[in-house]
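**Q** The residues making up each chain are set out below.
2 protein chains.
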Amino acid sequence: MNSFVSTYKKSVNNLENISCKHCALYRICLPKEASECELYALDNIIDRQHNLKRNTWLFNEGDPFKAIYAIKSGCIKTYRLTPKGKEQVCGFYLPGDIIALDAIETGIHTCSAKIIQATHVCAIPYKKFETLSQAMPGLQQQLVRIMSREIASQQWFVTLLGKKSAEERVAAILCNLSDRLEVRGYSPNELILGMSRHDLGDYLGLAIETISRVLGRFHQDGLLTAKGKHIQLHQPDQLRALAGYS
Amino acid sequence: MNSFVSTYKKSVNNLENISCKHCALYRICLPKEASECELYALDNIIDRQHNLKRNTWLFNEGDPFKAIYAIKSGCIKTYRLTPKGKEQVCGFYLPGDIIALDAIETGIHTCSAKIIQATHVCAIPYKKFETLSQAMPGLQQQLVRIMSREIASQQWFVTLLGKKSAEERVAAILCNLSDRLEVRGYSPNELILGMSRHDLGDYLGLAIETISRVLGRFHQDGLLTAKGKHIQLHQPDQLRALAGYS
DNA sequence: CGGGGGGTTGATGAGTGTCAATACCTGTGG
DNA sequence: CCACAGGTATTGACACTCATCAACCCCCCG
Numbered sequence: 005m006n007s008f009v010s011t012y013k014k015s016v017n018n019l020e021n022i023s024c025k026h027c028a029l030y031r032i033c034l035p036k037e038a039s040e041c042e043l044y045a046l047d048n049i050i051d052r053q054h055n056l057k058r059n060t061w062l063f064n065e066g067d068p069f070k071a072i073y074a075i076k077s078g079c080i081k082t083y084r085l086t087p088k089g090k091e092q093v094c095g096f097y098l099p100g101d102i103i104a105l106d107a108i109e110t111g112i113h114t115c116s117a118k119i120i121q122a123t124h125v126c127a128i129p130y131k132k133f134e135t136l137s138q139a140m141p142g143l144q145q146q147l148v149r150i151m152s153r154e155i156a157s158q159q160w161f162v163t164l165l166g167k168k169s170a171e172e173r174v175a176a177i178l179c180n181l182s183d184r185l186e187v188r189g190y191s192p193n194e195l196i197l198g199m200s201r202h203d204l205g206d207y208l209g210l211a212i213e214t215i216s217r218v219l220g221r222f223h224q225d226g227l228l229t230a231k232g233k234h235i236q237l238h239q240p241d242q243l244r245a246l247a248g249y250s
Numbered sequence: 005m006n007s008f009v010s011t012y013k014k015s016v017n018n019l020e021n022i023s024c025k026h027c028a029l030y031r032i033c034l035p036k037e038a039s040e041c042e043l044y045a046l047d048n049i050i051d052r053q054h055n056l057k058r059n060t061w062l063f064n065e066g067d068p069f070k071a072i073y074a075i076k077s078g079c080i081k082t083y084r085l086t087p088k089g090k091e092q093v094c095g096f097y098l099p100g101d102i103i104a105l106d107a108i109e110t111g112i113h114t115c116s117a118k119i120i121q122a123t124h125v126c127a128i129p130y131k132k133f134e135t136l137s138q139a140m141p142g143l144q145q146q147l148v149r150i151m152s153r154e155i156a157s158q159q160w161f162v163t164l165l166g167k168k169s170a171e172e173r174v175a176a177i178l179c180n181l182s183d184r185l186e187v188r189g190y191s192p193n194e195l196i197l198g199m200s201r202h203d204l205g206d207y208l209g210l211a212i213e214t215i216s217r218v219l220g221r222f223h224q225d226g227l228l229t230a231k232g233k234h235i236q237l238h239q240p241d242q243l244r245a246l247a248g249y250s
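Going down the list, the protein sequences come from chains A and B.
The numbering used here applies: residue 5 is where the first sequence begins, and numbers increase by one.
The numbering used here applies: residue 5 is where the second sequence begins, and numbers increase by one.
Derived from the structure by calculation, the hints contain no laboratory data.
Do not rely on the hints blindly, as some may be mistaken.
No copy is singled out in the list; a pair is fine if it fits within one copy or between any two copies.
Claimed, not checked - The calculated lysine-lysine pairs, modelled on DSBU-like cross-linking and capped at a C-alpha distance of 30 Å, are:
no. : residue 1 : residue 2
1   : Lys132    : Lys36
2   : Lys70     : Lys88
3   : Lys57     : Lys233
Take the sequences, apply the hints, and build the full model.
**A** So this is what it looks like as structure tokens:
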């Protein structure tokens, strides 16, 4: 059972051997139409892994780069450790997202990826992908688009960290998750967070106590109901306004 | 006269019509060896603009995306406006850097690019580039590498904003600029900043007064000499340690 | 039933932002 | 050449947000 939302999609249950063409995440994963043969070729090099358990790592900072990963289900956080041993979460990645793009140039992972909810991923061995895309430039155009999207979303995040108050940050991440879940076919107002308060704090640059307090205040103001990881948004528009849009 | 460093390189003076092959920034701009014909093809589509004046814009948030830009000289900041009208600087870009990568997917610029020191850029029309790379996949591999580098460097920046104190932030950006200037052949310890304290503050998520105070403290401690935009690093190693590495 | 991790709540203080006054540069026009 | 104006940087006093520390609760799991 996917833990993000109550209305779980049956179609994503048997994940291991679905081809890209028939994958429910097709629209999210690949930004523009891909040709039949591109999809077929991609299918052939994809290494379908399964069942990554909670609290395990997909890769670690410093590991050699082998593949990029498409998430089929679950939730992964990427993070970097500061010299003092604190972790800065760089992103929460949901089904359809692609990670490890930061490692392509150096060949070394610059962040760690930890499974925070039972997850399935497709591994796309990068060497094979590069070879393949010599013949199929369309494939690499897809990759460029995905990377562009990642850069734009990091800019959004940078603005959040640089300029927003604690309330705005919490509101913003809730709206952001809501939007992303909606695109994936889930209810936008019934979130079941995949991450702990601790993770949220390490993402937003706030202490867990602050997260807790802000959520409490939102709760009191009738904006939402927060019970542990279950969050119901009652006034999403007002939350969005508070976030300074999402 | 380039304003970043006192030891200005003569070779970059006549910038307008130099081909990529002979450009002094070749090694920085293109992450891996490019073939003769790739370079030649690239040269042919590049639109060489010149003489962008200080305090003008290369593009603005919301503008339609036409081209990516390689900086030949000068300094550009990219930024996004918050709903309250404050600006979050997303990055300072130096000669050899490439900007507008965030706009490829949506076709709309997600940030503004302002010239903060007289600048020369090469514009690479993206449509033409895409067409060209159908025939030359190596070109697009270059782009992927550049984008990967950008993503990794944004992760560094996110860690700075999320986890570091004012002192660490200022130390970190100084070390970062020092490193980047050194790669470009300038002295690493004699910085002439292209950006104002205001820009620095809007980048680091700090008030200008805080920047000023931190620099003052560093000055007192003998780490550096700061006189307006001229900054001499006296103890770069200690600064680096303070930054929690760069 | 008991233990432990995760979450909440309260009191306090440190680190920065804000506001205001002042000094400093830079370019402009007389 | 100097005087002036406008932007830019510095310095000080104060306020406020948020981190820290500590106690407690809740709930899940063994």
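**Q** Which of the listed hints are broken here?
**A** Every hint satisfied by this model.
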